[in-house]
Amino acid sequence: MKIDNEMKLEFLSKSENESFARSVVAAFVAQLDPTIEEISEIKTSVSEAVTNSIIHGYEYKEGYIVINCRLIGRLVEVEVEDRGKGIEDIEQARQPLYTSKPELERSGMGFTVMETFMDEIMIISNKNNGTKILMRKIISN
Amino acid sequence: MQIIFESRNETLIIKLFGELDHHSSDYIRDKIDDEIDKKNFKKIVFDMGNLYFMDSSGIGVIIGRYKQITSKGGKLAIANLNPQIKRIYEICGLRKIIPNYATSEIAIERL
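Chains as they are written, first to last, in the numbering used here: chain A, 1 to 141; chain B, 1001 to 1111.
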């Protein structure tokens, strides 16, 4: 399918950048004239994925997070990628309430939120080889 | 993120302004715990009326305070949720654990 528009954003894995990253994706998707709810769902999903890269992917180190966003008709594709430590057991990570970091007061609901708010999510990850979250959502007419 | 503390009827009211994500959760966690310890509050109400964004990190910091306060025999409620915040609250299953009220006045009464 033909990509109508595309953007790429790269930033340091600092928590200060979470808000900025959400806003950039929301601003880009705005051209499709989404509802307030749809924007909120995309922003929250991006927030979850970026937070995961910061806390889990890069843990106590710093690295770069790359967000790619593509618009194909009414379809929004968002990729959030890091070159961090990767996920060993993806199915376990996806389980609601599971967190590898209970000491950080994590709710373990990040993937559940993404799965609820987006139409589709794919997790591509290997130990020590980074993680890519691909999310898709169709914006209503 | 801005945070304002008030107290009424032996209840600590925590008013949050702005966005509650991982970054701001870290910022408010210690502030809230210090405030609770200062006067040994046993009842807490989170007033979310001025919060326009929350993700699951916000849920984490609220659950953390809930666990702490209930382990001391206390109670916690949240109030004034807008539709976006309410959805996260429900998706994360918080409805079964932490009561939510339309206003903080009602929350204070019911606690």
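Some hints here could point you the wrong way.
[As the list claims (entries may be wrong)] Stretch by stretch, here's where chain A covers chain B in the computed footprint (C-beta under 8 Å, at least three residues):
id : segment
1  : 1034–1042
2  : 1052–1058
3  : 1069–1081
[To be verified] Here are a few chain A residues that sit away from chain B, every Cβ distance over 12 Å (derived from the structure):
id : residue
4  : A30
5  : T44
6  : E79
Think of the hints as simulated: they come from the structure by calculation, not from any bench. Quick reminder that beta carbons are idealized off the backbone N, C-alpha and C, glycines included.
**Request:** Would you pick out the hints that fail for this structure and give their numbers low to high?
**Result:** Numbers 1, 3 and 5, in rising order.
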